[in-house]
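In the order they appear, the protein sequences are chains A and B. Here the first sequence stands for residues 654 to 979, where the numbers follow this note's numbering. Here the second sequence stands for residues 103 to 269, where the numbers follow this note's numbering.
No lab work stands behind these hints, which were simulated from the structure alone. Even glycine gets a Cβ: it sits at the ideal position worked out from N, Cα and C. Treat each hint with caution, since some may be false.
Stated by the list, open to error - Straight-line Cα separation of at most 16 Å, EDC-like style, residue types lysine to aspartate or glutamate; simulated pairs:
1. B:K200 x A:D946
2. B:K200 x A:D954
3. A:K921 x B:E164
4. A:K921 x B:D158
What the hints assert, rightly or not - Computed footprint of chain B on chain A; a stretch qualifies when at least three of its residues, placed anywhere within it, have a C-beta under 8 Å from a C-beta of chain B:
5. 686-695
6. 938-944
7. 954-960
Chain residues, written in single-letter form:
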Amino acid sequence: MPDKPKVAFYWCASCGGCEEAVVDLAEKILDVVAAVDIVFWPVALDFKKSDVEAMEDGSILASFVNGAIRTTEQEEMALLLRRKSKVLVAFGSCAHLGGIPALANLWDREAIFDTAYRTTASTVNPEGTLPQVSLAHNGDRVHLPGFYNTVRALDQVTEVDYYIPGCAPTPNIIAGAVETLLGGDLPPAGTVLTPDIALCEDCPRLDTKPQELTIERFRRPHEVIADEGTCLLAQGLLCMGPATRSGCGHLCINGNMPCTGCFGPTSKVRDQGAKYLSAIASMLGFEDEAAIDRALDGIPDPVGTFYRYGLAGSLLRRRKMTPVDA
Amino acid sequence: MDKPAAPATADGWEPKIVAFFCNWCTYLAADLAGTSRMKYAPNTRVIRVMCSGRVDPQFVLEALAHGADGVLIGGCHPGDCHYQSGNYKALRRFRLLKRMLLAFGIEDERVRLEWISAAEADKLRDVVNEMVAQVKALGPARLGTPPEDWAVGLEEEADEEVEGVTV
Numbered sequence: 654m655p656d657k658p659k660v661a662f663y664w665c666a667s668c669g670g671c672e673e674a675v676v677d678l679a680e681k682i683l684d685v686v687a688a689v690d691i692v693f694w695p696v697a698l699d700f701k702k703s704d705v706e707a708m709e710d711g712s713i714l715a716s717f718v719n720g721a722i723r724t725t726e727q728e729e730m731a732l733l734l735r736r737k738s739k740v741l742v743a744f745g746s747c748a749h750l751g752g753i754p755a756l757a758n759l760w761d762r763e764a765i766f767d768t769a770y771r772t773t774a775s776t777v778n779p780e781g782t783l784p785q786v787s788l789a790h791n792g793d794r795v796h797l798p799g800f801y802n803t804v805r806a807l808d809q810v811t812e813v814d815y816y817i818p819g820c821a822p823t824p825n826i827i828a829g830a831v832e833t834l835l836g837g838d839l840p841p842a843g844t845v846l847t848p849d850i851a852l853c854e855d856c857p858r859l860d861t862k863p864q865e866l867t868i869e870r871f872r873r874p875h876e877v878i879a880d881e882g883t884c885l886l887a888q889g890l891l892c893m894g895p896a897t898r899s900g901c902g903h904l905c906i907n908g909n910m911p912c913t914g915c916f917g918p919t920s921k922v923r924d925q926g927a928k929y930l931s932a933i934a935s936m937l938g939f940e941d942e943a944a945i946d947r948a949l950d951g952i953p954d955p956v957g958t959f960y961r962y963g964l965a966g967s968l969l970r971r972r973k974m975t976p977v978d979a
Numbered sequence: 103m104d105k106p107a108a109p110a111t112a113d114g115w116e117p118k119i120v121a122f123f124c125n126w127c128t129y130l131a132a133d134l135a136g137t138s139r140m141k142y143a144p145n146t147r148v149i150r151v152m153c154s155g156r157v158d159p160q161f162v163l164e165a166l167a168h169g170a171d172g173v174l175i176g177g178c179h180p181g182d183c184h185y186q187s188g189n190y191k192a193l194r195r196f197r198l199l200k201r202m203l204l205a206f207g208i209e210d211e212r213v214r215l216e217w218i219s220a221a222e223a224d225k226l227r228d229v230v231n232e233m234v235a236q237v238k239a240l241g242p243a244r245l246g247t248p249p250e251d252w253a254v255g256l257e258e259e260a261d262e263e264v265e266g267v268t269v
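Throw the hints in and build the complete structure from the sequences for me.
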């Protein structure tokens, strides 16, 4: 079957949920397998890096890369797949905008190594050995990937053609994207392959969102039993709907949990966190500074809340490691 | 009469401050400072907006990410907003933005909100001079992660090969 288009899957700094999402296509995956040749998928198939290297440049139709870029190895693989593929797709939140791994950009390499290899209670490391890129072992030289100071989204490493957002992408989004790519009528490069509207706009609870929404107290999900039919923002829960792209099928809302923003912003938003900050601060029902500050105490972790999936892809990208009193 | 602007640092670096001034109060104060021939630090790049409530937090981050060392937002005093409540909206956003910026490691003095009426040219001069001096003392902001910072620590590591470590 030499004529079937070739596709590849790869994972970088990710949890494996995106691979799971591909399997979650269930019987639809048979349609995908019937239509394409999977030439590389380390989690499921036994092809090696050398097999990819042996391919002609541009011979893969599409590579779906999930995960953020944290190490030199991930960067190398991203560049290799870019070279071998006509279309490179950032698959899932981490490849799209940095995802959960990018929250580590609130620290630097040194602080992360210190925690992971020195100070945690479960660590036994009397010699203080830290990960090395090269070391001698039993007469051989062992090489390991280097660990970057900052986590990057895929498009901060190489050119990306399309984005499939989500943590993890939902089966309907994946199936739709694969159909689009195989259909040949390709959207403009840089397109996020989901509807370009905010989650609120097609939210099943939209009718219960007040025209002039005023919030007096922010509540975290464990502090309240949320009403199942009412706008979660109106109940004081930090729902990211106003600043997040739709297309997920409102899975979290239907589970009575606020949106956490995994689909990233719409194309009209430059910075998801700042836009959301703007929206909810406007809704706060106070005019004097002390009352405003008391209400804001209900948001204990603004960066972790507003940039849960998008710190690497945000305007500031990472924390500046200056000691300030937060 | 006018306090001198803070002196330049030894290497000649001067902070860049992006200033968003509302059309009805702070921008007029800047205008008055000009027609009154007041002298103050020339480090602000003023952007006139119709209201401090128009200042989207994205503007502040965009300025910082593109090389601003500080951002100053100027609006009408509480109760004086031309649009009734735009300055309160600015205040609410600012209070939350400040919390977030601290978590980003951005020093308190770099982003500032001030109420300056059309008559308060002297306050405008003093605020700008003070802010420029403070930001100058902090040094360049260097935000938005220049690409060379992505790999910090890796170069040295590649040079220093560790011998005899058992895995």
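Status of the hints after comparison with the structure:
Of the supplied pair hints, the one linking K200 (chain B) and D946 (chain A) holds, its CA atoms being roughly 11 Å apart against a limit of 16 Å. With a CA separation close to 13 Å, the supplied pair K200 (chain B) and D954 (chain A) stays within the 16 Å bound. For the suggested pair K921 (chain A) and E164 (chain B), the alpha carbons sit about 15 Å apart, so the restraint of at most 16 Å is met. Of the supplied pair hints, the one linking K921 (chain A) and D158 (chain B) holds, its CA atoms being roughly 13 Å apart against a limit of 16 Å.
Counting residues of the segment 686-695 of chain A whose CB falls under 8 Å from any CB of chain B gives 0; the rule of at least 3 is not met. With a cut-off of 8 Å between beta carbons, the segment 938-944 of chain A has 3 residues touching chain B; three or more are needed, and the interface restraint holds. Counting residues of the segment 954-960 of chain A whose C-beta lies closer than 8 Å to any C-beta of chain B gives 4; at least three are required, and the coverage claim holds.
Checked against the numbered hints above, the structure breaks only hint 5 and satisfies the rest.
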